[in-house]
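2 protein chains.
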Amino acid sequence: MELIDGKKVAAEVKAEIARDVEKMVTEGHKRPHLAAILVGHDGGSETYVASKVKACEECGFKSSLLRFDENITQDELLKAIADLNNDSDVDGFIVQLPLPRHIDEQRVIEAIDPGKDVDGFHPVNVGRMSIGLPCFISATPSGIMELLRRYDIDTRGKRCVVLGRSNIVGKPVASLMQQKANPGNATVTVCHSATPDIAEICREADIIIAALGHPGFVTADMVKDGAVVIDVGTTRVADPTRKSGFRLSGDVDFENVAPKCSYITPVPGGVGPMTICSLMKNTLLAASRKVY
Amino acid sequence: MELIDGKKVAAEVKAEIARDVEKMVTEGHKRPHLAAILVGHDGGSETYVASKVKACEECGFKSSLLRFDENITQDELLKAIADLNNDSDVDGFIVQLPLPRHIDEQRVIEAIDPGKDVDGFHPVNVGRMSIGLPCFISATPSGIMELLRRYDIDTRGKRCVVLGRSNIVGKPVASLMQQKANPGNATVTVCHSATPDIAEICREADIIIAALGHPGFVTADMVKDGAVVIDVGTTRVADPTRKSGFRLSGDVDFENVAPKCSYITPVPGGVGPMTICSLMKNTLLAASRKVY
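From first to last, the protein sequence lines are chains B and Y. For the first sequence, position 19 (counting from the first letter as 1) is numbered 19 according to the numbering used here, and the numbering increases by one without interruption. For the second sequence, position 142 (counting from the first letter as 1) is numbered 142 according to the numbering used here, and the numbering increases by one without interruption.
Chain B on its own, in the form it takes in the complex (with noise of 0.2 Å):
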């Protein structure tokens, strides 16, 4: 069994962006420039957007961070959307999600120059990602392709099953690794919550892609030896042991998985840190006019 070391390569993925941003500079390109939107003071979005403005430090980038109180009408913040949509200077932005109830979240997205939606949320990037031509891929999607990648996991003819059927995960994730390419060309299986027998369906997976949200879902008899186990779950559990009172976990049952598998990844240390450095390929691909 090799443990899939997010970390590590997310830090490898940095370095190369940094070193591609010092070459752009002495070329005399200017830096990406990476802006970010928070309304309100959520936790867990404070957390990511202070992440997010550390991964840009380390990458070389130029950050900005817009905030804009709770109380901000929609309307007030598509006008900063438009103004991010046409400020040259502004590679990509992402506005940090959720945002407050009063705002149609999908409204937002949809607002957002698709040459800039480096979160890859908008419809003509989900769209073109479905279709196979250049776009933003969103975070954690992207993420686990660089993880088969860098770890030179083959997918190719592989039964691959998706657990869960998210927007943001399970859909496109299940789309790339279904795409004539490599990673992918995987024979790829979508479970969720109506699928009767994903026990059964998970025995046969080469390749299991867990985004549930449902901690320790994945338990040992549902993966066959050999298998590749992808978890993308971060639920927050209660822990008392812990000084912050909980800890992350996964959707699989790791302790007694792992033995089992060829490639695993762990909760946390394994998916989370990719998805940060992939907003940050994303945005130097956004600099670099490759997509658009």
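Don't read these hints as lab results, they were simulated from the structure. It is possible that some hints are incorrect.
[Said to hold, decoys possible] Some chain B residues judged to face chain Y by a derived CB distance under 10 Å, without partners named: (1) E110; (2) F121; (3) N125; (4) C135; (5) P172; (6) N185; (7) V188; (8) T195; (9) D197.
[Unchecked claim] Here are the simulated distance ranges between beta carbons: (10) Y/P134 - B/M1: 28 to 34 Å; (11) Y/R203 - B/E22: 39 to 45 Å; (12) B/N167 - Y/R150: 38 to 44 Å; (13) B/G40 - Y/G132: 23 to 29 Å.
[What the hints assert, rightly or not] With a cut-off of at most 20 Å between alpha-carbon atoms, the simulated EDC-like pairs for lysine to aspartate or glutamate come out as follows: (14) B/K180 - B/D152; (15) B/K23 - B/E12; (16) B/K180 - Y/D197; (17) Y/K224 - B/D20; (18) Y/K54 - Y/E16; (19) Y/K224 - Y/E255; (20) B/K79 - B/D113; (21) B/K8 - B/D20; (22) Y/K260 - Y/D5; (23) B/K290 - B/D113; (24) B/K224 - Y/E200; (25) B/K290 - Y/E58; (26) B/K290 - B/E22; (27) Y/K224 - B/E204; (28) B/K54 - B/D20; (29) B/K224 - Y/D197; (30) B/K62 - B/E22; (31) B/K30 - B/D42; (32) Y/K180 - B/D197; (33) Y/K62 - Y/E46; (34) Y/K224 - B/D197; (35) B/K62 - B/E76; (36) Y/K8 - Y/E58; (37) Y/K79 - Y/E58; (38) B/K224 - Y/E204; (39) Y/K290 - B/E110; (40) B/K290 - Y/E110.
Ideal placement from N, C-alpha and C gives every residue a C-beta, glycine not left out.
Please build the complex by placing chain Y on the supplied structure of chain B, with the hints as guidance.
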């Protein structure tokens, strides 16, 4: 075994659309208007466009056919598309594919206003379908879903195997079948050229949707008793006994597979007739401004 009669269902759908159109007109709205751009004189394209014009008549739509010489430049074609985008009388339009080689098809598709893209090929419509937002769904996947709906075929929790991962059939029908909807909610596996064990996977399927373009690919030994088989293949096979010199062949060995099925679509007369009526549904939807 029940034969799924696409010709009959398509006639019913068109009759329903025609009733809706007469109601719209009685209420003072204008007739829906579908325009089609046809470049050159490809025999297949001429036939398709003619049948679309005829379907418009059956539905009470206004239709326009814009013909261009095969030597039209890409810029001239893009200009014609811009004119249709700006023509408030045109509710929806299609550019009949394939286009001559000197024209970039993807560029043409993306030039169409997504709100008039009744073929549903624009990335915005593809992306919105994947996310589960209102959109124009392309004709073949939409026609398949309509057949499942009209025959009240239970898809929830069923194992569905899609053969083929094309952008116009395999990928979108897989996306629709796994969506949280009815029909939908199936556990979908997509097989393709890199899948080594297609026969084995098919044998587990409650529903097989074959869209490979490989005549007679699905044989009786690949189908379990009681399965639902949807045959999207329409390959021209030489047949000297026909006046035309060819016949249409599906992807399924119908003669031997049909006796094992609970439901099966014939070729021709199954999915084929549904595609045009899906285009008519999209045009009515575009005219009612219910999507964009």
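Verification of the supplied hints:
Interface hint status for B/E110: upheld, as the beta-carbon distance to the closest one in chain Y is roughly 9 Å, under 10 Å. The restraint placing B/F121 at the interface with chain Y holds, with a minimum CB-CB distance near 9 Å, inside the 10 Å limit. Given hint, B/N125 at the interface with chain Y, holds; its Cβ is 7 Å from that chain's nearest Cβ, closer than 10 Å. Hint status for B/C135 relative to chain Y: holds, with the closest Cβ pair at about 8 Å, below 10 Å.
Satisfaction of the interface hint for B/P172 is found here, the shortest Cβ-Cβ separation to chain Y being roughly 8 Å, below the 10 Å cut-off. The restraint placing B/N185 at the interface with chain Y holds, with a minimum CB-CB distance near 4 Å, inside the 10 Å limit. For the restraint placing B/V188 at the interface with chain Y, the shortest Cβ-Cβ distance is roughly 6 Å, inside the 10 Å limit, so the hint holds. A hinted interface residue such as B/T195 counts as satisfied when its beta carbon comes closer than 10 Å to some beta carbon of chain Y; here the least separation is about 4 Å, so the hint holds.
Satisfaction of the interface hint for B/D197 is found here, the shortest Cβ-Cβ separation to chain Y being roughly 8 Å, below the 10 Å cut-off. The supplied range of 28 to 34 Å is broken by Y/P134 and B/M1, whose beta-carbon atoms lie about 46 Å from each other. Roughly 56 Å separates the CB atoms of Y/R203 and B/E22, a value that falls outside the hinted 39 to 45 Å. Judged by the Cβ atoms, the range 38 to 44 Å given for B/N167 and Y/R150 is violated: they are separated by roughly 29 Å.
Evaluation of the 23 to 29 Å hint for B/G40 and Y/G132 yields a pass: the beta carbon distance comes to about 26 Å. With a CA separation close to 17 Å, the supplied pair B/K180 and B/D152 stays within the 20 Å bound. Simply put, B/K23 and B/E12 have alpha-carbon atoms about 17 Å apart, close enough for the 20 Å limit, and the pair holds. Proximity of B/K180 to Y/D197 is assessed by CA-CA distance (about 17 Å); at most 20 Å being required, the pair is judged to hold.
Among the hinted pairs, Y/K224 with B/D20 is inconsistent with the structure: their alpha-carbon atoms are about 54 Å apart, more than 20 Å. Of the pairs offered as hints, the one joining Y/K54 and Y/E16 holds, with about 16 Å between alpha carbons and a cut-off of 20 Å not exceeded. A threshold of 20 Å between alpha carbons decides the hint, and for Y/K224 with Y/E255 the separation of about 15 Å falls inside it, so the pair holds. Distance hint between B/K79 and B/D113 is fulfilled; the C-alpha atoms sit about 13 Å from each other, no more than 20 Å.
The hinted pair formed by B/K8 and B/D20 meets the criterion: a straight-line CA distance of about 19 Å does not exceed 20 Å. This hinted pair checks out: Y/K260 and Y/D5 have alpha carbons roughly 18 Å apart, not beyond 20 Å. The suggested pairing of B/K290 with B/D113 holds, with an alpha-carbon distance near 15 Å, which does not exceed 20 Å. Between B/K224 and Y/E200 the CA atoms are separated by roughly 18 Å; this keeps the pair inside 20 Å, and the hint holds.
The suggested pairing of B/K290 with Y/E58 is violated, with an alpha-carbon distance near 46 Å, which exceeds 20 Å. Restraint check for B/K290 and B/E22: the C-alpha separation of about 18 Å stays at or below 20 Å, so the hint holds. Among the hinted pairs, Y/K224 with B/E204 is consistent with the structure: their alpha-carbon atoms are about 19 Å apart, no more than 20 Å. A distance of roughly 18 Å separates the Cα atoms of B/K54 and B/D20; the hinted pair therefore holds under the 20 Å criterion.
Restraint check for B/K224 and Y/D197: satisfied, since their Cα atoms lie roughly 18 Å apart, inside the 20 Å limit. With a CA separation close to 12 Å, the supplied pair B/K62 and B/E22 stays within the 20 Å bound. Straight-line distance between C-alpha atoms of B/K30 and B/D42 comes to about 33 Å, which puts the hinted pair past the 20 Å bound. At most 20 Å may separate the alpha-carbon atoms for a hinted pair to count; Y/K180 and B/D197 meet this at roughly 17 Å.
Simply put, Y/K62 and Y/E46 have alpha-carbon atoms about 19 Å apart, close enough for the 20 Å limit, and the pair holds. For the suggested pair Y/K224 and B/D197, the alpha carbons sit about 18 Å apart, so the restraint of at most 20 Å is met. With a C-alpha separation of about 24 Å, the suggested pairing of B/K62 with B/E76 is violated against the 20 Å cut-off. Straight-line distance between C-alpha atoms of Y/K8 and Y/E58 comes to about 14 Å, which keeps the hinted pair within the 20 Å bound.
With a C-alpha separation of about 30 Å, the suggested pairing of Y/K79 with Y/E58 is violated against the 20 Å cut-off. For the proposed pair B/K224 and Y/E204, the alpha carbon gap of about 19 Å is at most 20 Å, so the pair holds. Taking the CA atoms of Y/K290 and B/E110, the gap is about 17 Å. The hint holds against a cut of 20 Å. Using a Cα cut-off of 20 Å, the hinted pair B/K290 and Y/E110 holds, with the two alpha carbons roughly 17 Å apart.
Consistency note: the structure conflicts with the earlier hints numbered 10, 11, 12, 17, 25, 31, 35, 37.
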